[in-house]
Amino acid sequence: MKILLMGNPNVGKSVIFSRLTGVKVIASNYPGTTVGYTSGFMKLGDETVEVIDVPGTYTLEPTCEAEEVALRMLATGDTVINVVDATNLERNLYLTLQLLERARPVVVALNIWDDTKHRGIYIDLDKLRESLGVPVIPTVAVTGEGMKELVENIPKASSPDTPVRGRDERWATIGSITDQVQHITHRHHTWLERLGDASVKPLTGGIIALAVLASTFTVVRFISESLISYILDPLFNTLWAPVLLRLSDLLGGTGLLHDIVIGKIASGEVNFVESFGLLSSGLYVPFAMVLPYIIAFYLVLGLLEDIGYLPRLAVLMDTIMHRLGLHGYAIIPTLLGLGCNVPAVLATRILESKRERFIAATLISIAIPCAALQAMIFGLVGERGGQYVAIVYGTLFVVWIILGFILNHTVKGFSPELLIEIPPYRLPSWRAMLQKLWMRSYGFLVEAVPIILGAVLVINILYFLRVFDAIANFTAPVVTGLLGLPKEGVAALVIGFLRKDVALGMLAPLALSAKQLVVGSLVLAMFFPCIATFVVLLRELGVVNMLKSAGIMISAALITGGILNLIL
Amino acid sequence: MPEGKQITLTQMQIGQSGIVVQIQSGHGLVNRLSALGIRPGRRITKLSSMLMRGPVTIQVDRAQVAIGFGMARKITVELD
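Residue numbers (the numbering used here), protein chains in the order written: chain F, 225 to 792; chain H, 83 to 162.
Next up, chain F with everything else stripped away, as it sits in the complex (with noise of 0.2 Å):
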């Protein structure tokens, strides 16, 4: 037996999902966080059921990639649990009708009912069950109320013999019955609620929109390095060090075997970035480097998902998408590709036409550096003082917009314009929030570790055969010539198509002055998208949009990283 979570966007699915399956997914307070379909499975009885978290839809008439995937789950499921919002109560129930006129068993779950009373609404349970025919469960998702009422109603789901409508027919039906079982008194304005409408007037919005983004860079900065300086350096300096160098003795101090394990020791000392052996680098980049700025991103990323900022931001940012032939819900991605490109190529699935997703991606993709790079940027060219840091977010911010403007008149056909419900502000629950931060950081520990672990591997047995050597004699034009970098920094653009935080490690050894770091950093950030990217990119684009997206970063990475060296 199969069980479908369906209903509109940002009505509690994915909550529920958790909820029902202890499957842990993303969830948070904007419509279309959930693109793709997640399954798990849940007791029910003696049986073992498939539950499955469907992308939220308004109707069974997909309008964008996302209501495609929905569609095409409904015909796939047994029974449906439709997650209703009580305080939309009629907006909601058009899909509700819909899935009764396609004879499918239906339970109502009548998610965010806390909500109902101190927002004066009030909805009479049992008319609402005779109306539509089918069990309604009030469900507080987050705290878990009604969830155990839910799972003894899913055998009792019913296909009440529905007609099949037209759409002015069913809004009229609809009309009818939330006139019968809802009743609303007025009440004044919350808190939240002026702050909400606040955030989307042109002049409160746009200040409130600075100091969000001048409070994020501060945090994410001030936790990351907190974290670095005085827990995980330390860590690594003073507990681990020793242990490297007793080892290093042990493996006869030199050797491909001690390079492999513990990287090139010089004068008696372990530098952890540039040693680039799997138990120094191979260890201190994901975890001392790249961890802390994860978790000080994805935390305040989550907060401003949760509270439902982003939404807000895209209406705020909507005038500047058009002119990047996007529109403002475009902006949901791309800060999404601060902290891993893969979940932002998804992302753009709430995109209506092939043409956004085609020029979000492939800008995402050029023009956004994922947090495992950023944090490298940090480290690395901060080291050189910061406005090289500047200079290389700066370039990115202007190339976003450059391409941006040149992609919106070269590629066919227009935009659409921006239609998108934006949620009331919430207050987030502090264990979701966290659990959330640990999904993601535990995320990172476990796609990354492995392949940093094997990047580092693979860079050492190629530098032992001479191979990077070959390719730097063959490149040298363009890296050496136009791009002003060593011939040997050709290894870290070949290793950047594994991870891009241990390619701008390898970079760390070269002895590169602060314009060849900042070039380089560019460079390896443009180029080309790290392997878990591309196989993101190629599923969501196709090989022929794919390839045309790879000339682009190509030739965009080279033009940029050739005048970047000649004025600098």
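It cannot be assumed that every hint is accurate.
Said to hold, decoys possible - Among chain H residues calculated to face chain F with C-beta under 7 Å, some are:
no., residue
1, G86
2, G97
3, I101
4, G108
5, H109
6, N113
7, P122
8, R125
9, L129
10, M132
11, A145
12, Q146
13, I149
Calculated directly from the structure, the hints in this document are not laboratory data.
Being a predicted model, the structure only gives us computed values, none of them experimental.
By construction, the Cβ of each residue, glycine as well, lies at the ideal position given by its N, Cα and C atoms.
Once you have looked at the hints, place chain H on chain F.
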């Protein structure tokens, strides 16, 4: 009962309310707006609009919706 003044959503002032009378657009957009609760006969309030032909934010029932300028221009509202 005298009819109220009919203007487009983009012409409405911030804070004004009215009833949607017409959406001059193709089937696709009418359907999308309708799914978000914006359809003839519904009462809406304009909350804000962005500069330079930016999106308009409205309140419909207890939901807020942001609508691109071009779409908002196609929605005719009869003021209260």
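- Task: Closer than 7 Å between Cβ atoms is the bar; does H:I101 clear it against chain F? Give me holds or violated.
- Result: violated (14 Å)
- Do the numbers back the hint for H:A145, that is, is its least Cβ distance to chain F under 7 Å? Given a least distance of 5 Å, the restraint on H:A145 holds.
- Grab the minimum C-beta distance from H:L129 to chain F and call the hint holds if it beats 7 Å, violated otherwise. At about 6 Å, which falls below the 7 Å cut-off, the nearest Cβ of chain F leaves the hint on H:L129 intact, so it holds.
- Identify whether the interface hint at H:G86 stands, where standing means a beta carbon of chain F within less than 7 Å of its own. Interface hint status for H:G86: violated (22 Å vs cutoff 7 Å).
- Holds or violated: is the Cβ of H:N113 closer than 7 Å to a Cβ in chain F? holds (6 Å)
- Going by Cβ atoms only, is H:G108 closer than 7 Å to chain F? violated (12 Å)
- Item | Cut-off 7 Å, beta-carbon criterion: hint that H:G97 touches chain F | Interface hint status for H:G97: violated (10 Å vs cutoff 7 Å).
- Message: Less than 7 Å between beta-carbons is the criterion; does H:I149 satisfy it with respect to chain F?
- Response: At about 6 Å, which falls below the 7 Å cut-off, the nearest Cβ of chain F leaves the hint on H:I149 intact, so it holds.
- Message: The hint names H:M132 as touching chain F; please verify it with the least Cβ-Cβ distance against 7 Å.
- Response: holds (6 Å)
- Tell me if H:H109 is really an interface residue toward chain F, meaning its C-beta lies closer than 7 Å to one of theirs. At about 10 Å, which exceeds the 7 Å cut-off, the nearest Cβ of chain F leaves the hint on H:H109 violated.
- Evaluation of the interface hint that places H:Q146 against chain F, nearest CB under 7 Å: holds (4 Å)
- Task: Grab the minimum C-beta distance from H:P122 to chain F and call the hint holds if it beats 7 Å, violated otherwise.
- Result: violated (9 Å)
Hint check: violations occur at hints 1, 2, 3, 4, 5, 7, 8; the rest are consistent with the structure.
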